[in-house]
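Protein chains: 2
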Amino acid sequence: MSAPTPLSVEEDELALLTDLYQLTMTQAYWKEAMDGVATFSLFFRRLPPERRFMLACGQQHAAARLSRLRFGDSALSRLAGTGLFEAGFLDWLANWRFEGDIWTLPEGTPVFANEPLMEVEAPIAQAQLLESLAMNLVQLETVLASKAVRIVMAARGRPVVDFGMRRMHGIDAAVRGVRAYRTAGLAGTSNVLGGLRHNLALNGTMAHSYVLAHDSEREAFRAFARHYPHTTLLVDTHDTLEGVRQVIELMQEEPELTVKAIRLDSGDLGELARGARRLLDDAGHDEVQIVASSGLDEAQIAVLLEEGAPIDAFGVGTQMGVSADAPVIDLSYKLVAYAGEPRVKHSPGKINLPCPKQVYRRRDDQGRYLGDVIALRDERVAAGEPLLRPLVKAGRLVEAEMARADDAPERVADALPRFPADVRRLEAGASDYPVTLSPGLERLQSRA
Amino acid sequence: MSAPTPLSVEEDELALLTDLYQLTMTQAYWKEAMDGVATFSLFFRRLPPERRFMLACGQQHAAARLSRLRFGDSALSRLAGTGLFEAGFLDWLANWRFEGDIWTLPEGTPVFANEPLMEVEAPIAQAQLLESLAMNLVQLETVLASKAVRIVMAARGRPVVDFGMRRMHGIDAAVRGVRAYRTAGLAGTSNVLGGLRHNLALNGTMAHSYVLAHDSEREAFRAFARHYPHTTLLVDTHDTLEGVRQVIELMQEEPELTVKAIRLDSGDLGELARGARRLLDDAGHDEVQIVASSGLDEAQIAVLLEEGAPIDAFGVGTQMGVSADAPVIDLSYKLVAYAGEPRVKHSPGKINLPCPKQVYRRRDDQGRYLGDVIALRDERVAAGEPLLRPLVKAGRLVEAEMARADDAPERVADALPRFPADVRRLEAGASDYPVTLSPGLERLQSRA
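Here the protein sequences line up with chains A and B, keeping their order. Start counting at 1 in the first sequence, then tack on 12, and there's your number in this note's numbering. Start counting at 1 in the second sequence, then tack on 12, and there's your number in this note's numbering.
Derived by calculation from the structure, the hints in this document are not laboratory data. Please note: incorrect hints may appear among the correct ones.
Identical copies carry no separate label here, and so any pair may be met within one copy or between two of them.
No more than 30 Å apart at the CA atoms, straight line, and that leaves these computed lysine-lysine pairs for DSBU-like [what the hints assert, rightly or not]:
| no. | residue 1 | residue 2 |
| --- | --- | --- |
| 1 | 43 | 272 |
| 2 | 405 | 272 |
| 3 | 43 | 362 |
| 4 | 357 | 272 |
| 5 | 43 | 405 |
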């Protein structure tokens, strides 16, 4: 393996990033000439116990990708090499195109159990082949955005910066994760490529190695602050409060140097922040801000702020980078209709909602959300904003809808305060936000 | 965003997948003309509480990638656009090459706290720039392999197949994860691209949607078994044991159809496996195997087998796909020497091991592992196999070492039984496998 295998997946091999059974089932449909229109719903049955809502993210990105899926020559020859597929089927795959419809919730929509994030409607051999990749693409951004929005809520308006690139699960997660973080309302990222690609401000300070490579902390601070006016200096390499004193003395020695902030990265952050704030204020440097990092999550941030820690901004990496307390959602992509008939798996104790659907989010006259109604797509429901929109029609992207993905951070910031406080609590536990079924869906569901 | 942003990272942009401070620190080193040789150690201070060892994985792959890192034109122009970098530095980056050494543990080495997985030695502006990407690359495969090997141990020789692609964190994780699973000893994967790229057998059965799209379970089984002799039929769409009866009747109706296995994907797997086994055996079909999936992890697999569930193979997805109980390791990439001097951060209560190091794994005369000694690289230690090997020398891959990565599954299978049983236990909790410091390192460490 002296030539390392590629880290990337080329456009013409992306269609192979699927579970084998999608391809064997599709070959079976092809042999059986089964081409009825199928509707698949992408949803989760239960919130992770650590979450009161999920922030649906990545569906528009995924829909764009899925609608362009092709089996290129390289993909076809690799499939031929498995010996599992007939020549006629491979020829058919060469011309395979997604020509159906994809409905999605807008990026950044808070979403609850059983509400479709996406519905795909197409001849079954088209809709089936999207399953595995759709789930992978939507899950990543939804899991990361759902964690990040909790960190943002915990920070109560203070900027939060992503430091997680090194902890995330590989390259795609590290890059696309920044998109999810931007949606959730983060203020910046240390991740250069992710930030440049997904339009989030770049942030950076210094590492302990920079201090250690110099003969003294003071020399390291001096050199860095000369190179980078308004920089942030990392003060905890040896002794944190002594580090703060070094910064203060440096500013006294060279008044033309401006230091924007100090960063605390270990120890008792609340106590050290109070001590550092006192030292800085006593020296007349109340303009120097305090940034805290150090394996933080939303619970620790909430405690720090409740205890009045004078921290101005947070850097969060490890826990947010993989959504460590809830790294996965049990997304399902279920057949709900085939050839005009409702189809669902009959599982004891599980709700399985048949047919194409719509979700209505009801508001009161102050704009506060009262609850959601999951309905049949064509059913008339008295009130509420329909959340699912057609993003792909007959295989083509609806450009006006795609453009809306960029507004996701604003929509998240607008939507969150409209929910009952209970939904926004950080503690684990189900919220009582009502999600009900429409009369039409209730009737079909009880019959199933 | 009608043209979706690329899912992949091209070779010439990979150098931008880093934390901003790596680049600003490097610019500072360049301005300060600091070019002393630095040694950085990649290690973790503590095992995750859920792990008794980690299976080091991905380091050789990472070293190959890191040794080729370049700042291409596109990367340089993106950096110029940030306004943070001087033209002279960008010119210097254009010619930046890694010309140092990288030592790594072989892929698939069980590893413990404080043992370096990788050591990088180069002028500081070269070694520093590898940090973020090195950590991201090594963490992914190490986290996934370390979870997967526990599943393999729990299955006690029964084949385990990866069903996790849809749950993994994005595309790179889904593809490279298969490499980690292969190293850990999985028998196959449902993931077509991952399996083809990383040489792991492809496996697939059928989904509930296939059954639901047909008019009856029997018709679905008949069609699929006719298309795919020796296939696996999913029997739990409606009622599991009734599904097994449908399979048996089908085999009686069409004796030329061969069914290799049935798959159980919900309910009480132990009870259903016993019921299914009885039905199959009573019908004279003891050749039909039973495959179980359904949110399994190593604990559930262990319980099923302890209770004697007649399950022949396991499909594992969700929990393994993200290493849900330990999705992250707190890897550090620490400066341990600069310009010939030991350098470490002095943190109260933390061990920080200075200088280039070696790890010796000691065996008794039956080949059983007795414990590890972490030593200075040039120190003579009485006994034990040195684990770290130079994989990159003066910027170039050592081809003979790279070839060894492919043997990782065999080395894992050989090494695991040599550890004390305590290391291989699945329960959470520290093992008492001894990892000690050499006299030379102990002396330096106590002085620091």
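Comparing the hints with the structure gives:
{"no.": "1", "hint": "43 x 272", "in the structure": "between (67 Å within a copy, 21 Å between copies)"}
{"no.": "2", "hint": "405 x 272", "in the structure": "neither (50 Å within a copy, 41 Å between copies)"}
{"no.": "3", "hint": "43 x 362", "in the structure": "neither (33 Å within a copy, 64 Å between copies)"}
{"no.": "4", "hint": "357 x 272", "in the structure": "between (59 Å within a copy, 24 Å between copies)"}
{"no.": "5", "hint": "43 x 405", "in the structure": "within (27 Å within a copy, 55 Å between copies)"}
When the structure is compared with the earlier hints, violations turn up for hints 2 and 3 and for no others.
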